[in-house]
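Chemist: The primary structure of each chain is shown beneath.
Protein chains: 2
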Amino acid sequence: MKKLLLAAAALPLLLSPANALQPPPQADPAATLRDQALSDNLAWDILEGLTTEVGPRQAGTEAEARARDWAVARLTALGFSNVRVEPFDMPVWVRGEERAEISAPFPQPLVVTALGNSGATPARGIEAEVIGFNSVAELEAAPDSAVRGKIVFINHAMAPTQDGSGYGQFGAPRRQGPTIASRKGAAAIVVRSIGTDFHRNPHTGNQSFAEGVRPIPAGALTVPDAEQLERILSRGQPVRMRLTLTPRNTGTHQSGNVVAEVPGSDPDAGVIVIGGHLDSWDMGTGAIDNAAGVAITTAAAHRIMQAGQPRRTIRVVLFGAEEVGGGGGPTHFRLHHPENNVVLVGESDFGADRVWRVEFNFGPGNAALSDRITALLAPLGIVRGADRAGAGADLGAWPRAGTAAVDLNQDGTRYFDYHHTPDDTLDKVDPVQLRQNVAAWTAVLAATANAPEAIEPAGTR
Amino acid sequence: MKKLLLAAAALPLLLSPANALQPPPQADPAATLRDQALSDNLAWDILEGLTTEVGPRQAGTEAEARARDWAVARLTALGFSNVRVEPFDMPVWVRGEERAEISAPFPQPLVVTALGNSGATPARGIEAEVIGFNSVAELEAAPDSAVRGKIVFINHAMAPTQDGSGYGQFGAPRRQGPTIASRKGAAAIVVRSIGTDFHRNPHTGNQSFAEGVRPIPAGALTVPDAEQLERILSRGQPVRMRLTLTPRNTGTHQSGNVVAEVPGSDPDAGVIVIGGHLDSWDMGTGAIDNAAGVAITTAAAHRIMQAGQPRRTIRVVLFGAEEVGGGGGPTHFRLHHPENNVVLVGESDFGADRVWRVEFNFGPGNAALSDRITALLAPLGIVRGADRAGAGADLGAWPRAGTAAVDLNQDGTRYFDYHHTPDDTLDKVDPVQLRQNVAAWTAVLAATANAPEAIEPAGTR
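Those protein sequences? They're chains B and D, same order as listed. According to this note's numbering, the first sequence is numbered sequentially starting from 20. According to this note's numbering, the second sequence is numbered sequentially starting from 20.
I should point out that these hints are in silico values taken from the structure, not numbers from a laboratory. Everything hinted at is true.
Derived list of chain D stretches under chain B, where covered just means 3 residues or more per stretch with a C-beta under 8 Å from a C-beta of chain B:
#1 216-223
#2 245-255
From chain B, some residues computed to sit far from chain D (all C-beta separations above 12 Å):
#3 E148
#4 V155
#5 E159
#6 D182
#7 T269
#8 E358
#9 A394
#10 D406
#11 R407
#12 A420
Here are a few chain B residues that face chain D, going by a calculated C-beta distance under 7 Å:
#13 T71
#14 P75
#15 F125
#16 F217
#17 P243
#18 P441
Cβ atoms here follow ideal geometry from the backbone N, Cα and C, with glycine treated the same way.
Isolated chain B, as found in the complex:
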């Protein structure tokens, strides 16, 4: 009996063509869809189209509105159902003039950009002495009298990591620095860009002054400029900087999520929500952050649609305003969580380099499903991680409320070379790795949209 079983198991391989690595004829349909997706061209087409025909699309601006129009037209043309916009209002902050220079002892220009919600200098700029710190903790520890009236500089030593974990720890100067510097009476703050490259392209990013704290001008120097300032400070002479940052708040404007669906055959089986965010920072064309996620999840959902009606409805959401605090995610949650029919969520928002890891936030009854997904992803070189999936910035509210989630973690080794810089452009995307992403999401959707078992809540943590 054992021999017979072995023979039966071996049969597909024996009958398969000369190349024994070909899938056997009776392969899982999900595996077939996965492998077909390795030839996908739709994701590149969407990515190229959005970044070329819209370009930068800052949240709440007319550029983001053009991106919504573009996405609605494209998703409709692709045959998605219920294509619509979920609008919401938001305050908008926009960049102005941006200049920095060392005025003494070694006069020279530096390259700077404003951080989100930065305060403004007068049009002619400000000039003040620079005081440097190696960390937020050093700034915290400094007496207010040493900081008052000065331009604070905070350095750090962020290095690339595959899982992107450096962003949390080394992002502190951007997120906390401006508030602490303002509380201590600083005239302004410049931080070393929260990035891992050595190019003269500064990394912007959101920060919010704490309640009641006066907004001060807050900028990011490029990494080469931060290292230059560090060298200049190391000479021990007083260093003076002239800084001009003239961003402004333009009031309340509309943003919105673009939603599209592949209707399922079984309304009781629940809805799967995937997506990326449509907005980008203003300096690049938002190719890796996050036209890539828009393209990957749309292309994967489209492949499932083309293969025949799935059991579960797949909803693709292209979120608005992720970069500036995330108005789109909360709006979608507020509108749809009461319906109580979303069974699984997942967002792609970490570029387009290959997926290297899958993580789940599944209930105990779905262990077999997570095992099937893991097996489907293994041929793509994807390992199973031990952490619980969090579903990203826009969909994170769902697993926090108990909904099942899946994360496909992309390789982040070079992500923070380009993230939030003018350098986030189409040429940074590798089409081969982009296709692997589409294949991974196609496999996840194929397995979950057609899973015969219920997808149960994972429970709150």
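Chain B is fixed; fit chain D onto it per the hints.
Modeler: What follows is chain D alone, placed relative to chain B:
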């Protein structure tokens, strides 16, 4: 007898320490100096100092004057003799505001910088339709009526080469494009940067409108921006660009060469002239172009000086105004060629990546000397090339007039990633490869400054 000779030849190896790769005790002093230079710190120190304490140093500006002061002080402190400035006057062109955007059909900003001697737009910019070409030849072939009043865009496909030869061929859009476009009545021209990187840092560079040709605004788009414009043009709709470039000519100002010497013991043996250029473009700190050449040649000459007085005088010249047409080289030639005592020249002006090739312009009587130099350089991984040495932009007049020359060609594979961009900063220099450069120049100087034979003219070609 043969056996005895072999034994004698083997003796140094037998007596040497356990590591048989150690040089034998009676090694050529030039080889010893070469190997000691692999631990050099002076070149890095000069490079770091000049790029940090002066920073950008555009020819004819007060920044270049500060660089001369810095260099005179540094060379004097290092113990060089006859440290002096050779001043000359030059016209100065400086950058103004620089902005470009596609206004239709897909509004978005592009990153641009002015090319040297660019004409200016009005302060509010100009707006015109874009007409794209893939080469200067295509532009030449176009009827004037198709070009008149438009903004010309010229693309190209420059790729990295070790010997940098792509710069000549693919630099045509920058060097010839503006004049041709102006003659055809174009409103302005933008070229794809003459560079091999994919960053949003444009490559500037010199160009000169031909006699009698009206200067038009002439800029370089970054490579990602050029590719974006190419994609936008490929849609087939009329493309309109708004372009603002407001450079200006500031009149005649002073530049100068900084000269320093290691006096030789034999005035009749002639002078060896080496060096780099002190000026840089304005956007970066001129680390690879050309603080590196300044640092490498100064450090090599300093090593010879420290080892004892050489037979021949070594003159280090840090040229002014190389980037903008080369006022320093002709000035030095005009001042010193009549003396008729320069026997050998060589410039380092191609970054700081490793020297991979040596080439000579030697007279027939110096074949043995070139063989000795080749043998000295081989342990550094340097091959002998077949071309005649040209001695670079600043010293090229000398071999053209018959003087012997040596070229140490650096690996140019990544040179045009940074050249003439804001990205030409200290972090781009690899200290290990910088030291290999110092070792190579030290070897060349040791061999030539102390060569017992005459260094004869190579003759004119």
